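There are 4 protein chains.
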Amino acid sequence: SQPLSLIAGPCQMESRDHAFMIAGTLAELCAKLGIGLVYKSSFDKANRTSLSGKRGIGLEAAMEIFADLKAEFGFPVLTDIHTEEQCALVAETVDILQIPAFLSRQTDLLVAAAKTGRVINVKKGQFLAPWDMKNVLAKFTESGNPNVLLCERGASFGYNTLVSDMRSLPIMAALGAPVVFDATHSVQQPGGQGGSTGGQREFVETLARAAVAVGVAGVFIETHEDPDHAPSDGPNMVHLKDMPRLLETLMAFDAVAKR
Amino acid sequence: SQPLSLIAGPCQMESRDHAFMIAGTLAELCAKLGIGLVYKSSFDKANRTSLSGKRGIGLEAAMEIFADLKAEFGFPVLTDIHTEEQCALVAETVDILQIPAFLSRQTDLLVAAAKTGRVINVKKGQFLAPWDMKNVLAKFTESGNPNVLLCERGASFGYNTLVSDMRSLPIMAALGAPVVFDATHSVQQPGGQGGSTGGQREFVETLARAAVAVGVAGVFIETHEDPDHAPSDGPNMVHLKDMPRLLETLMAFDAVAKR
Amino acid sequence: SQPLSLIAGPCQMESRDHAFMIAGTLAELCAKLGIGLVYKSSFDKANRTSLSGKRGIGLEAAMEIFADLKAEFGFPVLTDIHTEEQCALVAETVDILQIPAFLSRQTDLLVAAAKTGRVINVKKGQFLAPWDMKNVLAKFTESGNPNVLLCERGASFGYNTLVSDMRSLPIMAALGAPVVFDATHSVQQPGGQGGSTGGQREFVETLARAAVAVGVAGVFIETHEDPDHAPSDGPNMVHLKDMPRLLETLMAFDAVAKR
Amino acid sequence: SQPLSLIAGPCQMESRDHAFMIAGTLAELCAKLGIGLVYKSSFDKANRTSLSGKRGIGLEAAMEIFADLKAEFGFPVLTDIHTEEQCALVAETVDILQIPAFLSRQTDLLVAAAKTGRVINVKKGQFLAPWDMKNVLAKFTESGNPNVLLCERGASFGYNTLVSDMRSLPIMAALGAPVVFDATHSVQQPGGQGGSTGGQREFVETLARAAVAVGVAGVFIETHEDPDHAPSDGPNMVHLKDMPRLLETLMAFDAVAKR
Chain S
1 SQPLSLIAGP CQMESRDHAF MIAGTLAELC AKLGIGLVYK SSFDKANRTS LSGKRGIGLE
61 AAMEIFADLK AEFGFPVLTD IHTEEQCALV AETVDILQIP AFLSRQTDLL VAAAKTGRVI
121 NVKKGQFLAP WDMKNVLAKF TESGNPNVLL CERGASFGYN TLVSDMRSLP IMAALGAPVV
181 FDATHSVQQP GGQGGSTGGQ REFVETLARA AVAVGVAGVF IETHEDPDHA PSDGPNMVHL
241 KDMPRLLETL MAFDAVAKR
Chain X
1 SQPLSLIAGP CQMESRDHAF MIAGTLAELC AKLGIGLVYK SSFDKANRTS LSGKRGIGLE
61 AAMEIFADLK AEFGFPVLTD IHTEEQCALV AETVDILQIP AFLSRQTDLL VAAAKTGRVI
121 NVKKGQFLAP WDMKNVLAKF TESGNPNVLL CERGASFGYN TLVSDMRSLP IMAALGAPVV
181 FDATHSVQQP GGQGGSTGGQ REFVETLARA AVAVGVAGVF IETHEDPDHA PSDGPNMVHL
241 KDMPRLLETL MAFDAVAKR
Chain H
1 SQPLSLIAGP CQMESRDHAF MIAGTLAELC AKLGIGLVYK SSFDKANRTS LSGKRGIGLE
61 AAMEIFADLK AEFGFPVLTD IHTEEQCALV AETVDILQIP AFLSRQTDLL VAAAKTGRVI
121 NVKKGQFLAP WDMKNVLAKF TESGNPNVLL CERGASFGYN TLVSDMRSLP IMAALGAPVV
181 FDATHSVQQP GGQGGSTGGQ REFVETLARA AVAVGVAGVF IETHEDPDHA PSDGPNMVHL
241 KDMPRLLETL MAFDAVAKR
Chain A
1 SQPLSLIAGP CQMESRDHAF MIAGTLAELC AKLGIGLVYK SSFDKANRTS LSGKRGIGLE
61 AAMEIFADLK AEFGFPVLTD IHTEEQCALV AETVDILQIP AFLSRQTDLL VAAAKTGRVI
121 NVKKGQFLAP WDMKNVLAKF TESGNPNVLL CERGASFGYN TLVSDMRSLP IMAALGAPVV
181 FDATHSVQQP GGQGGSTGGQ REFVETLARA AVAVGVAGVF IETHEDPDHA PSDGPNMVHL
241 KDMPRLLETL MAFDAVAKR
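Chains as they are written, first to last, in my numbering: chain S, 1 to 259; chain X, 1 to 259; chain H, 1 to 259; chain A, 1 to 259.
For the record, the hints were derived by calculation from the structure and aren't laboratory data. Note that the structure is predicted; figures quoted are calculated from it, not measured. Here a beta-carbon is modelled for each residue, glycine too, at the ideal position from N, C-alpha and C. Some hints here could point you the wrong way.
Stated by the list, open to error - Below, simulated DMTMM-like cross-link-like pairs (lysine to aspartate or glutamate); rule was C-alpha separation at most 20 angstroms, straight line:
no., chain 1, residue 1, chain 2, residue 2
1, H, Lys45, A, Glu142
2, X, Lys45, S, Asp228
3, S, Lys45, S, Glu84
4, H, Lys45, A, Asp242
5, S, Lys45, X, Glu85
6, H, Lys241, H, Asp228
7, S, Lys258, A, Asp242
To be verified - Residues from chain A that face chain S, not an exhaustive set, calculated with beta carbons under 10 angstroms:
no., residue
8, Ser50
9, Phe157
10, Val163
11, Ser164
12, Met166
13, Ile171
14, Leu175
15, Ala210
16, Ala211
17, Val212
18, Val214
19, Glu225
Construct the complete structure from the given sequences, taking the supplied hints into account.
In structure tokens form, the structure reads like this:
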């Protein structure tokens with residue numbers, strides 16, 4: 001197996017400067033540790049808890065910055081799309097198109113994403129069993145695109161709580177696609193703060209260690225230099241300064257998992 | 001309180017003749033029992049389990065038939081929309097726009113639906129707590145449309161199973177919107193048949209009786225003259241011939257609930 | 001079907017005077033409404049959240065009071081047992097032996113209870129599916145005692161929350177035993193108050209209405225003249241003064257359910 | 001931190017010869033790998049799904065064999081107790097008394113176990129949140145016995161399924177007691193085979209790797225030379241011949257976790 005890849009970045013693309021700062025830090029760190037980096041940011045947060053939640057920088061501005069980031073750092077980039085129309089536009093620049101968990105059953109969106117030929121990272125819906133991803137995967141492959149990553153991000157467990165069932169990782173891997181563990185959204189507490197979604201940053205490492213020991217192709221970790229003031233997903237983003245130690249630890253587990 | 005209303009019809013609009021047959025039967029039955037009827041059908045099933053699942057008759061054909069049904073029977077009609085673009089088109093003809101459960105957090109879709117001024121029936125996501133619907137409701141009211149129905153359709157309970165928490169009905173009613181209980185999709189078994197979604201028709205009456213006794217503004221029941229051969233949701237649709245006895249029973253409970 | 005029976009009383013037997021006061025009030029009320037009453041109290045709370053939780057009056061004292069209550073009011077009485085040794089002792093006086101939910105899989109306890117020949121009310125474990133009660137029921141019937149009531153009291157739903165799946169009522173009834181709905185413990189919030197268990201008294205009526213409309217042999221409702229100061233289960237006991245209206249409502253639903 | 005300990009053995013004590021065979025194999029293996037071994041077997045399976053499930057060799061016979069095993073191999077032994085009376089009897093021979101998950105709230109049993117002064121391994125009830133173990137732990141410490149291991153063995157997740165929430169490991173460790181992960185019972189499918197409980201042996205390694213990477217004091221793995229013909233828990237016991245590779249892997253993860 002290949003060593004662990006990392007999908008990381010701030011939840012939202014906030015500005016060119018911010019993107020370059022985070023990207024530079026991550027690129028340097030991953031080069032040092034021998035980790036393949038995919039840079040992730042959202043240009044639009046389309047399913048905020050409240051209307052007043054910040055939505056993001058917008059598609060056009062984000063594509064320009066993504067192009068410049070790629071030119072500067074040479075890494076592939078990933079962003080999430082929410083409508084069929086966005087797929088082709090985003091695919092001009094972005095290497096991996098991500099399907100949000102809530103939208104993992106929306107056939108037209110999946111087919112439009114598949115048709116771009118880009119790699120797809122599809123989040124497992126919080127309402128799906130791991131074996132249900134067989135049908136989701138088939139919507140891509142039957143549309144001619146077998147380049148799909150299956151991403152675990154927690155399952156509904158009572159109200160306002162997600163649970164990460166580590167059995168889902170081998171179950172999804174057996175479907176024939178590389179599996180990614182999203183350690184950031186797996187510690188969300190949906191609706192847990194009234195008008196916004198809460199999170200448990202302190203368990204990102206717990207769940208990431210577990211997933212890497214089970215064996216995954218990649219791990220997804222959102223990060224920010226000041227998460228408590230980030231425009232979205234602050235409670236579950238990892239401090240940028242904590243990434244070196246976290247990634248070193250995960251790489252050590254990955255080496256055991258794949259030896 | 002007003003007596004119980006009924007949202008009913010076949011899951012998919014299959015053809016003009018089929019629509020008129022079901023609509024005529026339901027209209028006559030509801031007139032006899034004093035039930036306010038909203039006729040429901042989908043023009044597109046956008047989140048089928050598999051690519052091979054039948055999608056429906058399409059938007060344009062459906063709108064014509066809806067218009068003719070309204071002219072003939074005088075009832076309001078309801079259909080579900082999946083993209084922002086569909087909202088204004090559908091709103092020309094359809095009285096109640098329904099937001100699917102998976103899409104209950106998609107801000108742009110909710111705002112576009114709200115802007116039509118039509119009544120909205122929003123399904124509670126299987127991944128949401130009943131109190132989370134406060135934020136969903138606010139997305140409509142803050143967009144200037146307070147005419148919203150909140151619809152319970154089951155919560156994720158382990159894998160491939162939904163559970164109906166009857167506490168959600170008074171919790172959502174306390175948010176200030178009429179509450180509808182969807183007895184059809186609450187008995188779905190998501191992914192429970194491999195390539196399609198299963199269901200437990202035998203529990204539609206169980207859950208509908210429970211919800212009506214707790215007290216709801218309306219009940220949502222899909223029906224078909226031959227559900228075992230219906231193009232979608234067959235396992236959880238009620239036989240058309242069983243509707244009279246079921247509705248009589250529910251009206252008797254409703255009378256006690258609202259006395 | 002027989003009309004609805006009621007299992008009611010204060011959670012703990014607190015004193016002779018208290019027992020007679022509650023019993024007298026309930027006996028009069030049930031006579032007026034034509035409800036068969038089973039008087040319930042615990043002599044020992046064996047699974048309190050904390051060591052400091054009040055345990056109860058004790059077996060011997062309770063048996064004397066139960067005997068006197070029966071002599072005075074003529075109703076059958078019910079209490080819960082926790083060890084094999086208690087079964088025969090309690091069965092001398094008590095008509096219905098109740099198996100606590102946590103103990104619903106403890107074979108020796110079930111067999112000892114069965115051997116007394118008394119009626120058994122077995123609570124469905126919070127960790128069991130309704131169809132799992134087939135095996136629990138068989139432990140009694142294979143021990144020669146077919147007089148078993150199956151009691152729904154909620155299923156684990158995430159952490160610190162129970163959910164009442166109304167489908168469990170017909171599923172358990174199909175096993176061939178009368179089904180009772182415990183509206184008091186179904187609204188518990190296990191561990192929800194740190195050192196004690198919380199509850200949602202406001203949903204007792206919600207769930208009881210739902211269960212009665214679905215159709216049950218009996219309903220179980222703990223009651224107290226001052227629940228906020230009761231030694232256990234205060235947050236989910238119904239005020240004694242609210243019982244008349246609640247029972248009238250439930251009897252009206254029961255009449256529709258069984259017509 | 002100390003390196004990983006192992007609690008292992010066949011689910012039931014089947015016979016002296018069988019016990020010595022398994023114990024010898026495990027003792028040799030653990031000596032080679034530097035793992036502290038606690039030998040586990042049950043003398044009575046008190047909560048079998050059906051009356052016809054095999055119960056075990058009995059207390060007296062088991063205590064003799066445990067004493068001889070200790071004399072021969074020098075390891076501590078562990079067994080589970082189900083009644084207050086058993087506690088003192090078992091404590092004469094057995095080093096660690098285990099409280100079954102279903103009984104984790106039974107105060108008298110917990111106090112009787114605590115009073116023996118022996119180490120206690122208490123399984124977290126399938127119906128408990130990890131933070132609820134604070135109250136369970138306090139029942140032991142307030143009874144004068146602080147030598148308690150807290151054991152994760154899965155939480156109820158819908159019907160007939162358990163899920164292992166890896167967050168529970170650090171949450172319970174923060175209560176101040178060593179944490180053990182039971183990889184055998186965490187893969188049970190309660191009631192999943194009708195008259196007996198099913199299991200998913202193939203996920204024992206998955207969950208054990210995850211737990212060890214998160215960091216635990218010990219791991220609990222039942223093993224048998226022929227699990228498919230074992231009298232209980234066969235579907236979730238590991239083949240004895242697979243233990244060497246499994247334990248080597250876990251020790252490698254443990255070394256990373258505790259470096």
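Structure-based check of each hint:
1. H/Lys45 / A/Glu142: holds, 18 angstroms
2. X/Lys45 / S/Asp228: violated, 41 angstroms
3. S/Lys45 / S/Glu84: holds, 16 angstroms
4. H/Lys45 / A/Asp242: With a Cα-Cα distance of about 45 angstroms, the restraint between H/Lys45 and A/Asp242 is violated, given a limit of 20 angstroms.
5. S/Lys45 / X/Glu85: holds, 19 angstroms
6. H/Lys241 / H/Asp228: holds, 14 angstroms
7. S/Lys258 / A/Asp242: Distance of about 18 angstroms is within 20 angstroms: holds.
8. Ser50: violated, 27 angstroms
9. Phe157: holds, 7 angstroms
10. Val163: Because about 5 angstroms separates A/Val163 from the closest Cβ in chain S, which is inside the 10 angstroms limit, the hint holds.
11. Ser164: Result: holds, 7 angstroms to nearest chain S Cβ.
12. Met166: Hint holds; A/Met166 Cβ to chain S Cβ min 4 angstroms, cut 10 angstroms.
13. Ile171: holds, 9 angstroms
14. Leu175: Violated. Min distance 15 angstroms.
15. Ala210: holds, 4 angstroms
16. Ala211: holds, 7 angstroms
17. Val212: Where the cut-off is 10 angstroms and the nearest Cβ of chain S is about 7 angstroms from A/Val212, the hint holds.
18. Val214: With a closest approach of 5 angstroms, the A/Val214 hint holds.
19. Glu225: violated, 25 angstroms
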